Structure formats: structure tokens, C-alpha cells
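K.L.:
This is what each chain is made of:
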Amino acid sequence: MAGIELAGVSTVYPNGVRAVDALDLTVADGEFFALLGPSGCGKTTLLRTIAGLEQASSGSVSIGGADVTRLEPGVRKVAMVFQDYALFPHMTVSENIAYPLRVRRAPKPERAETAARTAAGLGLAGLLERRPAQLSGGQQQRVALARAMAMSAEVLLLDEPLSNLDARLRLEARTFLKRLQRDLGLTTVFVTHDQAEALAMADRIAVMSEGRIRQLGSPRDVFQRPADTFVANFIGSTPMNLLPAQVRNGRVEVAGAHLDPGGPHPDAPVTVGIRPEYLHEAPEGITGTVSIVENLGVTSLVTLECPQDVTVGLTVPEHEEPPVGSVLTVAPRPGRLLLYDSDTGQLT
Amino acid sequence: MTPRQVARRLAYTAFMAVVLAFFAVPMLWLASAPFDSDPGLGLRWPDWTLTNWQVTFEHPYALSSLVNSVVLCVVATAVTTVFATLAAYTLSRVRIPGRDALLYVLLLLSSVVTGTAAMVPIFVMMFQLGLTNSQYATGLVIAGGLLPAAIFILKDFVDSVPRSYEESARVFGASPTQVLLHVVLPVARPGIATILVWAFVQAWGNFLLPFLLMRDVSSQPAAVLLRTLRDEGGSANLTVIPVFSLLYAIPVVALYLFVSKRYGFRFHGGIKA
Chain A
1 MAGIELAGVS
11 TVYPNGVRAV
21 DALDLTVADG
31 EFFALLGPSG
41 CGKTTLLRTI
51 AGLEQASSGS
61 VSIGGADVTR
71 LEPGVRKVAM
81 VFQDYALFPH
91 MTVSENIAYP
101 LRVRRAPKPE
111 RAETAARTAA
121 GLGLAGLLER
131 RPAQLSGGQQ
141 QRVALARAMA
151 MSAEVLLLDE
161 PLSNLDARLR
171 LEARTFLKRL
181 QRDLGLTTVF
191 VTHDQAEALA
201 MADRIAVMSE
211 GRIRQLGSPR
221 DVFQRPADTF
231 VANFIGSTPM
241 NLLPAQVRNG
251 RVEVAGAHLD
261 PGGPHPDAPV
271 TVGIRPEYLH
281 EAPEGITGTV
291 SIVENLGVTS
301 LVTLECPQDV
311 TVGLTVPEHE
321 EPPVGSVLTV
331 APRPGRLLLY
341 DSDTGQLT
Chain B
1 MTPRQVARRL
11 AYTAFMAVVL
21 AFFAVPMLWL
31 ASAPFDSDPG
41 LGLRWPDWTL
51 TNWQVTFEHP
61 YALSSLVNSV
71 VLCVVATAVT
81 TVFATLAAYT
91 LSRVRIPGRD
101 ALLYVLLLLS
111 SVVTGTAAMV
121 PIFVMMFQLG
131 LTNSQYATGL
141 VIAGGLLPAA
151 IFILKDFVDS
161 VPRSYEESAR
171 VFGASPTQVL
181 LHVVLPVARP
191 GIATILVWAF
201 VQAWGNFLLP
211 FLLMRDVSSQ
221 PAAVLLRTLR
231 DEGGSANLTV
241 IPVFSLLYAI
251 PVVALYLFVS
261 KRYGFRFHGG
271 IKA
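Heads up: the protein sequence lines correspond to chains A and B, in order. Heads up: the first sequence at position 219 corresponds to 219 in UniProt numbering, and the numbers run straight through without jumps. Heads up: the second sequence at position 22 corresponds to 22 in UniProt numbering, and the numbers run straight through without jumps.
If you're looking for bench data, these hints aren't it; they were derived computationally from the structure.
Derived DEER-like restraints, expressed as beta-carbon distance ranges:
1. A/Pro89 <-> B/Leu129: 41 to 47 Å
2. A/Gln134 <-> B/Leu129: 53 to 59 Å
3. B/Ile250 <-> A/Arg130: 34 to 40 Å
4. A/Arg168 <-> B/Leu20: 50 to 56 Å
5. B/Ala101 <-> A/Ser136: 42 to 48 Å
6. B/Ala17 <-> A/Gly123: 58 to 64 Å
7. A/Asp166 <-> B/Thr90: 35 to 41 Å
8. B/Leu129 <-> A/Lys108: 47 to 53 Å
9. B/Pro176 <-> A/Gly335: 56 to 62 Å
10. A/Val17 <-> B/Pro176: 25 to 31 Å
11. B/Ser111 <-> A/Gly123: 53 to 59 Å
Which chain A residues face chain B? A few, computed with CB under 10 Å, are given here:
12. Gly52
13. Val75
14. Met80
15. Phe82
16. Asp84
17. Phe88
18. Met91
19. Tyr99
20. Pro100
21. Arg102
22. Val103
23. Arg147
Predicted model only: the values in this text are computed from it and were never measured. For glycine and all other residues, C-beta sits at the position ideal for the given N, C-alpha and C.
Just chain B, same shape as in the assembly (with noise of 0.2 Å):
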């Protein structure tokens, strides 16, 4: 190697680390504050005790809000897994004219006009239906944000998936329900189990809806809790929010692990894993 080659590779190098260091900071951060005596915003070699732990579960909210999250979460994942995989497989399969144009409307509506930018009229009409302070009616709201992109990207993938096998299963004589439960869903599992983990995460880190419609803190998920989290004095409790974020980022990793070791996630589409 050239003295010239040894100082790219060097620079090179530094670079990578320099990078790595951003993004593996704050992680480190979250894996040591939650055991340190006296936790701070900067990083450091924890002095080691589990005091903070004990304060956290005894939070009269810390809890019960991971409890409402997955509640929510559960929901909305279940909603929108189940209604996009039916919708796309239907939009896949039956021709009806205009179907490519309702399509990109639902996304380029869906992308456009955002929760955000629904905001008002959404709070409104779930507050007149009496439907606020419910995980299980914010799970809907959040799953009817999500269900167009949801069904966008399962029809694609369902395009994928060759009709020949269902023309298959319908010569032996499988009924319609028998076609979906034996044939289509087991060929689209990889896809479903995709939509599944986006929309779960999608609404676990969800923020503004439920903080919407979720006046009560009682009934608050984890999202909208942790910006809660202050003591008396206004600033942010360290205490509790190292424990609690560590608490609130363990459930989309075990997700995550769970589906990608159970369903495989692949990848479709030109590349073959």
C-alpha cells in the first residue's frame, strides 16, 4: 500500500467511526442510564444500581400507559393487517374500472392529508361520537391513517403472487375461503408479516393522535406519557424517562425478532434472499 492509500484508509476509517459514534451514543445512553445512581443527558460508566427501576414501577402511570399502548397498538396492527390483506388481495384480483385511479388517489390522499392536517375535524368528530379517552377507538383512527399505504403496498405484493396457483386450488374444487385460507395467505405471508410489523410501529410511536384524543392521563399510551415525565420543578424527570424509554423500546425489537424469526421477512421483487 501506498503511503497515499494508508492515509484514505485512515481517513476512511475515522470517518466510519466518527458516524458510528453518532448513532451508537444515544443507544449506549438508553443501555447505561437506566442502571446509574445518578442518570444524566451525557453519557458515562454507570455507577451501578437498580433504584431508578424501583421509582419508575412505582410511577403511578409508567405502567398502565405501556398497557394502554399495546392495547392501542394491538388494535390498530389488527385492523390494519386484517383490512388491507382483504383489500389488496381484492384489488389485486377483480377488475373494476378505475381501479389504478382510486388507488392513487387513497395514497396521494392519505400521504397529503395527513393526521396532522386532519387534526381539527378528526378530534371533533370523535369527540361528538363520544369516543375520546378510548384506546380502542384511537386504535381505529390510527389504523384508518395507515390502511391506504398498508393496502398499496400489499396489492403490489399480491400482484406478485402467481393466479395460477389459485386457478390451481379452484380445479380441485377449494371453495372461495378455501382458496384465501389455504392458498393466497400462506403465499403472502412474508408481505402480511411486513404490514404487521410497519403498522405496529407505525402506532407504537405514534404521537399526536392519541395525544388528541386521549385527554385523560390515565388512559394515555406510552408516546404521549413520556413527554409527561417532569418533576415537580418542570424539568424532565431522568429518573423515570432512561427506565421508561428503555421499558418502551423493548416491545417493537421483540416484535421485530418474533416475526422476522417466525415468518421470515424476504425480499420480493427482482431480488431473491
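The following block holds chain A by itself, in its conformation from the complex (with noise of 0.2 Å):
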């Protein structure tokens, strides 16, 4: 078992794009992390620098305490499945799952009995001499996850674990990774474009944007206390509501309405951060017009009109909805609303 340690590690590619821009970071050994951002964050790229496939410009890249930074993937103990799984057509399932040890020449019964027991583990016994296309997307991926536990790898790097299955069977594969990389207790890193699986899976969350990390922590804290307004835009099912506002005498001036900042805080132009999650009706705060209700299942997104041009969204639970066209007045829980800087947008 291994952590991972990245120091100033950047990745240029050869036509000079700068893909990971001096990024430094600590996974702890054990721990589920996910690196999550929009395509083209260099959250990828990342991933391939860890496992190899992309040398780092400069700075270090350690595993389990040992520098790996120029080493060849196959010596650095680190098992990588990837976006399309790259199960090898021409080879079974068995030979697919043994192949990490036909690498380093192992006998054939000890390959044949490795990948069964492996596959047992991962519900596919009955499939052992199948090939991958006669497979589903999931028993596709568990034959990747079981190639990748075949190498007794000290860290397992997964890309886009769950991109390419269907909708359904995502989030039964959502409960079955975050069960069994429990169960081996395996360093892992995943990637992914999806905030909601980053949130639902990892202990510890990077949202990352052009190659830099904006914001490292907790699926709670990301969630919670986003650290600045893009990751704010980025983390959350329902889009966070970003308004223009003013702090004056200690009251925030947005959409015609003074709320409490929850602490003391300069007079100053921001940007409030409210999730609609956390909105609800309220004798006081900001009034505005019932303009579109979404159902979303269990809650309603319901769009408000505000003056000044604002739109708010805020949820509302089920046989709850307000009328369209109907007024409403609407506060944050108390402690939820955030303040960001409006020039640098970092949170205040």
C-alpha cells in the first residue's frame, strides 16, 4: 500500500500545451480521490502522469515514498483501467484478466488459477473463456478492474470509471467501486467530468481547471463552502445561484433585498453564493416571481424573476410547487450563504 505525492509537477505537451501546471498534491495511502473538472482541465493528463504514460516536464512524481518520476509504467506498481477498458480483443476473459502476469512470464496454472480466483471475486466466473465482446459495458469493466487487482498493484488509477455505461448501471457501479475499493483498502485515484459521481464516491475531492487545482477537500467542503466561483458553477446538480451584490453596513444588498452576511465583512462589491438547496420561503429577503418550475423527482426547481435582473433558483419539495406567475419571498438557511470576491472570485 501506497500514497501518492505530487510536488510541482507539471506536463507540457510537445505542440506546448501546458495540460498539468506545477501541481502539487498528497494522496493518502488508502484513500478514494477523485480529480474532477471540466474536459480539458488536464485532470487526464494527471491520471497518465501518475501511471506513467506522460513524463512530467518537471517535478516529482512519488509512490509509497520512492521517487517513480522517470520510471517506466510497468515498474511503478501502478494498475491504470482506462476510459474504453482496452480489454485486448483476441484474448478470453481469463487471458485478459492474467495478462499482467504473462508479463512478467508466470506459469500458466498459476495465471489460470489468479484469474479465476479474481474473477470469482468479481462476480464473473461463468465467463471466463468469453470474449470481450461478447460481454455487457459492466462485466466489461469489472474484466478491467479484475486485469487491473491481477497486477497487485500498490495504487489503482481509473479513468472516467463510469463514462461509458448506460445511465442505470452507473450508479449500481457507483456502489460496487466505492465497496470493493473499501474492501481492498487500494489507493485510488479516479477521474471525472461528473460532480455528482466525484461527490457520491471519493473520500477527498480535486476539482481542477487548465491544469491547476482550485479547490481540495472533502466531498462536504466542496459541496458546502466552494472556494471560489468556479468550482461553485461546477459542483452541485442544480447550478449554484451566483448574484451581484454590495456589502454595505454589514448587510448585503442583492436583488432588492438585505440579508445577513453571517459575520462581519467590509463594505465591498461581491458575488453571493447561494445553492438553491438551500433557499426556502421566508418572511423576509429576496422577492421575485415565480417564472418556470422543473421537476426534478422528490423536489421542484422553481425559477425566480427578482428585480435588478436576477434570476434565483431555489428547490422546493414535492406537492410544494408555488404557482407560475405567483410571488414569492424567499431566505438562506442561516450560515449558507457565501461571498465572493467580484474581482478574483475567490470566497471572501
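Dock the two chains into a complex; use the hints.
P.N.:
Right under this line is the structure:
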């Protein structure tokens, strides 16, 4: 078992694109860690740099305390599951799973035994003689995981592990992966662009953008207190309300309302961030006209047209949807109002 | 069906029958003439005999020319397939400046500067090297002509093989040789099989280069010998030619059937067979 330590890692492609930019990161031993960000933010490059498929242009990568920056991928004791699983189409499931042992020239009986044992652990026992093309997406993913496990590596890397599954299977696989990771206790880093996936599975999340980490923290931290407006925008299945506002005499003036900033704050222009989930009807607060009601299942997302051309979203429980056109006054729950510097976008 | 439709159907069928007959006649001649006691250039029900076969087998050069052909084609095919595979893999995976330009120039030169155009320099070169009358040398020259197109076709094929296969193998610790042997070659097998058969057929049917480089009748391959099969009077030797033609056709058909069964030709790129 081993943790991962990245110190000042930059990965620059030959065409000059700086995909990972002077990044420091420590992943603890046995941690389930998510790299989250929009496409092109460098998260996959970072994962490939840890795996050794890309060379860090500067900085150092350590795994289990040993510097592996200049080592070939095969000797880093890092297993990886690719986004397309990369199962070898000409090999059976059993041969695929035992491939890491074949590379090490392990005897055939040992290979078959390891394949059978690993496959049984992942519910693939009856499929050993099939070819990858004869498997469903979920089965292919488990074969890819089994192959990674057969390597008995210290670190497991998963590139977009759920993106090739259909929506229903994705939920099952999420639970499955989390249980597997906990049972194996393997240091695991996975890349995703889906914030819900990261929040659900990871112990800690790094939100990335333009090759840098914007925020590093537990799912709860990242959800409740996004460090800047980028993270605030990115995290949450319903977009966070980011409203232009002004702090004056210790009160926040936003959309014609005066709210409590929840603490002392100097007078300045700010951006107010409130999650739709943390807004509720109140006698005093932001007043607006209901323009759209979207059904999200257990809750509904209500869009309010407020003064100063501001729209505010909030979620309401089922059966409590206000009629379109009615006027509603809403306020954030205490302590759930976030203030961002309107120039830098940083949490203040 | 209206009479009009019937007429159209009949006309279509008649047309197809004529087209079919046009292509079938030479095949039928190839099947019947070798067994006819008096083979001609026309098609007729044979007067069965095996004399033609006996005469052909007794011909001083007929069988040895087929052996020469096999040697020449095995050399040309092996060289083309091995080098085209390695070159295509490298060109597909390694980023070098001007790679695409290089490929197009190769293809362009090989189709513009054909063997016919380069006939004299090739002969002079091989003559000065003392490599005329050698099946191996001629096979090499043929392979040289086939390589650009083979590399071009195979490179396209290897491009369509996802890189993640190789990266996955590398993560599991495979050396470059292991990646090539365990992953790349098996995955690219249908493409390689296609190139193999294509190269063999091209070399088997090549007349000009062996004709040019093999002045000695005993070393000439079948494609060249076929032209010299005449009797004393100078007219085509119709006892030997039909049998020889049939023997000449067999290896290509056999190779095609074997490779198709063993490796399977598949359509790639968009079409899934």
C-alpha cells in the first residue's frame, strides 16, 4: 500500500500545451481520491502522469515514498483502468485478467488460477472463456478491474470509470466500486467530469481547471463551501445562484433585498453564492415572481424573476410547488450564504 | 406483374446472363481444356484424357518454373509483410515532423514511377550487382515496389487500432517487444493478412520484373514461362498451356481460402462485418 505525492508537477505536451501546471498534491494511503473538472482541465493528463504514460516535464512524482518520476509505467506498481477499458479483443476474459502475470512470465497454471480467483471475486466466474466483445458494458468494466487487481499494484488509477455505462448501470457500478475500493483498501485515484460521481464516491476531491487545482477537500467541503465561483458553478446538480451584490453597513444588498452576511464583512462589491437547496420561503428576503417550475423528482426547481434582472433558483419539496406567476419571498438558511470577491471570484 | 414489368425483368435477366457468360467462359475453358484430347481456344465439352498433364509434367521447365514462382513470391511477400508491418506501426505511433508528407510522397512515387518507368535503371543496377537470374534478388525488387502501397494501407489500418491497448499493456509492465507481439500484431492481424495475400498475388502475377531480371529460362517464374510456351512452329502450345494455366491459378486461390479461413478478412472502418 502506498500514498502518492506530487510536487510541482507540470506536464507540457510537445505542442506547447501546459496540461498540468506546477501542481502539488498528496493522496493518502488507502484513500479514494477524485480528480474532477470539465473536459480539457488536465485531469486525465495528471492521471496519465501518475501512471507514467506521460512524462512530467518538471516536478516529481512519488509513490509509496519512492521517486518514480523517470520510471517506466510497468515498474511503478500502478494499475490503471482505461476509459474504454482497453480489453484485448483477441484474448479471452481469463487471458485478459492474467495478462499482467503473462508479462512477468508466470507459469500458465498460476495465471489461470489467479484469473479464476480474481474473476470469482468480481462475479465473473462463468465468463472466463468469453471474448470481450461477448460481454456487456458492466461486465467489461469488471474484467478491466479484475485485470488491474491481478497486477497486485499499490495504486489503482481509474480514467472516467463510469462514463461508458448507461445511466442505470452507472449507479450500480458506483456502489460496487466504492465497496470494492473499501474492501481492497487500495489507494485509488479516479478521474471524472461528473460532479455527482465525485461527490458520491470519493473520500476527497480535487476540482481542477486549466491544469491547476482550484479546490481540494472532502465532498462536503467542496459542496458546502466552494472556494471560488468556478467551483461553485461546477459542483451541484442544480446550478448555484451567483448573484451580483454589494455589502454596505454589514448587510448584503442583493436583488433589492438586505440579507445577513453571517459575519462581519467590509463594504465591497461581492458575488453572493447560495445553493438552490439552501433557499427556503421566508417572511423577509429576496422577492420574485415564479416563472418556471422544473420537476426533479422528489423536489422541484423553481426559477424566480427578481428585481435588477436577477434570476434565482430554489428547490422546493414535492407537492409544495408554487403556481407560475405567484410572488415568493425566499431567504438562505443561516450560514449557507457565501460571499465571493467580485473581482477575483475567491471566497471571502 | 404487368407485362411491362415482366419484359423488364426478362431483359434484366438476359443481360445478366450475357455478362455472366462473358466472365464464365474463360473459367470454364480453364476447367475443361486441360482434360481435352484436342484443346483449342474455344469452349466445348472435353474429350476426356490426362495426356495433357503427362506432357506438361514432362516439359523441361513447366514444374520448375512454378517452384521458382513460389520462391520468388515467398521472398517478396515475406519482405513486404514484415517491413510494411513494422514501418506502418512506427509511422502510425511515432510523431515525426513531415510524416504525412513522407507517406504521400512515397505513395505518389510508387504509383507514378512504376516498375515500367524504372525498368532500365533497375536492370542496370541489378546487373552491375550481379543479381540477375536470382529469385531472391527479384523478390526483393518486387517487394521494394510493393512496400510503399503496403505501408500506406497498413498505416491507415494501424491508425484505427486504439492506443489504449498498448498503453494498457505498458502499464502492466510489458516491454516494447511484448507490446508488439502480444497486442499490436494480434489486433492488426486482419490487416496484415490482407497485405500478405495482396503482396503474394501481386508478386505471383508480376511479369515485367522477372522477365527483365531473369534471363535464364531455367530460373524464370511461371508468369514469364507462360509466354514462352510455344511449339516448334511458333504457335501457342495448347497441350501444355491449359494445364499450366490451371496449375498457375491454384496457389493464389488456395492462399486466399487458407488466409480467409485462418485469419478472416474483415471490413474495417465504419463497416462491421
